[in-house]
Amino acid sequence: MRFVDEYRDAGQARALAAQMAALCRPGRAYKLMEVCGGHTHTIYKHGLEDYLPDAVTLIHGPGCPVCVIPMGRLDDAIHIAEQPDVIMTSFGDMMRVPGGRGSFLDAKARGADIRMVYSPLDALKIARQNPRKRVVFMAIGFETTAPSTAMTVLRAETEGIHNFSVFCNHVTIIPAIKAILDSPDLHLDGFIGPGHVSAVIGCRPYEFIAHTYGKPLVVTGFEPLDVLRAVYQILTQLAEGRSQVENQYARVVPWNGNAKALNVISRVMELRPYFEWRGLGSISHSALKMTEKYAAYDAERIFQIPGVRVADPKACQCGEVLKGVLKPWECKVFGTACTPETPIGTCMVSSEGACAAYYNFGRFSRERVKEATRR
Amino acid sequence: MSVATTMQLALRNAFIQRDSPGHALARDSARIARACQDMADRFRRGGKLIVFGNGGGGADAAHIAVEFMHPVIVGKRALPAVALSNDAPTMTAIGAREGLAESFAHQLASWATPSDIALGVSRDGRCANVLRGLRAAHDLGLLTVALLGDTEPAEPAETAEPVETVETVADHVLLARTADPAVVKEIHVTTYHLLWELAHLFLEHPPANRADTLPTGTRTDGRAGDQESDPADVPARDSAQCSDDACVTCSDQAAPATVVRLLHSGLALAETATGTGEISTEEISVALVDASVGDTVLTHAGEAIAVIMKGAHRGRP
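Order-wise, the sequence lines are chains A and B.
The numbering used here puts the first residue of the first sequence at 1, with every later residue one more than the last.
The numbering used here puts the first residue of the second sequence at 1, with every later residue one more than the last.
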């Protein structure tokens, strides 16, 4: 199949592995962060870490939109869902995410009308079909899903649908990367840049990472060879003493992004002064909210939300995992009290979460074996 | 006989004494599961657990309440529970004025609601206040569970009052099948740990045709709902889309789609490859890209964010 087979060739992967090994300076360790949860999924699904030189460690970043939602926001969403005549709609990933008062599924069991949708368009359709109900879309995601939400609000406006609103939890990737770069916990050597976020925002916004922080960043796709090539390109830059933004995913990502999508986002949404990220704390200008012009479609304004900050369960170490300080299996409850069936932390819920990826693709056992062998 | 041999024999006898009640408990698994299922139903409806007992049973009641209120296993949600015997002033006040037999019934009548669960603990099943409490709870419509020991029936009391039996007031009677008071206690602890564990299991995995699969418009709290909506109206995706380890649409992942027809208002019909390689057609928005029929676009949450191939090709970016 085109776009698949040529990016899954084992021979090319082995050749890249040899080239990467040759680029590593003896005695030096390389810590690279893949920012996007989709890349984490690819890395574990295809066992890509086995192709990397021992000196290279991949750190899993905060790029899973479900994983970074704080518990308090979910409680706010459940509060909205429990109001009279409300139909809450949400992506499937969010349904099992535990908040302080349980998950969407728990709220649904208590009687709230919460439905899974595949897109905001589906939510709008439900609003159209239920004129006497107030339909709320639980909007999550980075710049990849924000255009879809914004476009749907514009459609609702055009069609005169007034019983539709958005509980906006969209976040933006650049401030999160900056927060990680400023974190004293981590000393990273380079970044694997997100693919689909970059299809919207382009590659220019990452330039400060190369210029100010002196770290290479390579935007790449989601096939195995895409990821390996990105690592190869980062190692090449480091070997040559360069730090630049490179676009390995040019078949999808234009250097300047999608101007129409950016325009739609800026018409409907604006930056929040600050937003809490699970594990990273409050980051200024890191999330989007509805503009005053679209207040009528803003669930946050329509419903009085409690807005209470809820601390994560003490046993959960999602924060450290999201910052890359801990490997998922180093978390105290990984694979025991916290599993994909009964997740405690968000990283175990979404398939893009680092813990779920480890758990589902058996990295847990392999890492343990590796550790035991080293000892 | 040496001390060591005596000790060994005593230990062996102690285990033999526990062997039969332990196996009996295992044989009662279906009975325990039914109780847990009913308890989960009550919790789902917003009910709380009210536990009571005397002496060691009172200590058990406190233990049970704390198990539910503050789960020791991380990740299990707290469920509302209270032990009536914890409140010494109220217990003694009622006992002094109305007699000890009323100590639980009085409290239940004051603040229990029909969606609650009453769990009475009695080692010998003869505690008058536990039976009266279960009776009051039963009359109020609570789910009633009795946790008892298997002792000889009591001698008929010399009174005109009919003797209350636990079978008439408890929806579920869970027995420790031994008369040994120490073993009764041990079996009780295991039983209520099971009650806690299985109640959570039923809460987390409601059986089909229960709470989360009720027809739209029906609420689990019994309130009448609106019948106008139909989830089936939302276009169903091929479940095979979710078979490739991650659901490509509901997860934050992009899916390629080939535009087959442009519709009004920036919408289009597009073909997407499912996880099994089959093709399904769905409505997407192409308002943010310059897409023509035959183009392959990258969709995110139903919105095309990039054109990845001009012309009739199908694939994955």
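Careful: at least some of the hints might be erroneous.
[As the list claims (entries may be wrong)] From chain B, some residues computed to sit far from chain A (all C-beta separations above 10 Å):
(1) THR5
(2) ALA10
(3) ALA59
(4) TRP111
(5) PRO181
(6) GLU204
[Claimed, not checked] Examples of chain B residues toward chain A, derived with CB under 8 Å:
(7) GLY46
(8) SER110
(9) ALA287
(10) LEU298
(11) HIS300
(12) GLY302
Keep in mind that the hints were calculated from the coordinates and are not lab data.
As the structure is a prediction and not an experimental result, all values here were calculated from the model.
C-beta atoms are modelled at their ideal positions from N, C-alpha and C, and glycine is treated no differently.
These are the hints, each one checked on the structure:
Every beta carbon of chain A lies more than 10 Å from that of THR5 (chain B), the smallest distance being close to 42 Å; the non-interface claim holds. Non-interface call for ALA10 (chain B) relative to chain A: holds, since the shortest CB-CB distance, roughly 37 Å, exceeds 10 Å. Here ALA59 (chain B) stays apart from chain A, with its beta-carbon at least about 27 Å from theirs, past the 10 Å limit. No Cβ of chain A approaches the Cβ of TRP111 (chain B) within 10 Å, the least distance being about 21 Å, so the stated non-interface status holds.
PRO181 (chain B), annotated as away from the interface, keeps every beta carbon of chain A farther than 10 Å; the closest lies near 35 Å. Its beta-carbon lying about 7 Å from the closest one in chain A, GLU204 (chain B) breaks the requirement of being farther than 10 Å from that chain. The criterion of a C-beta within 8 Å of any C-beta in chain A is met by GLY46 (chain B), whose closest approach is roughly 7 Å, and the hint holds. Evaluation of the SER110 (chain B) hint against chain A yields a violated restraint, the C-beta minimum of about 25 Å exceeding 8 Å.
Interface hint at ALA287 (chain B): satisfied, since its Cβ lies 6 Å from the closest Cβ of chain A, which is below the 8 Å cut-off. The criterion of a C-beta within 8 Å of any C-beta in chain A is met by LEU298 (chain B), whose closest approach is roughly 6 Å, and the hint holds. With its C-beta approaching chain A no nearer than about 5 Å, HIS300 (chain B) sits inside the 8 Å limit, and its interface hint holds. The interface hint given for GLY302 (chain B) is met, as the beta carbon of that residue sits about 3 Å from the closest beta carbon of chain A, less than 8 Å.
Checked against the numbered hints listed earlier, the structure breaks hints 6, 8; every other hint is satisfied.
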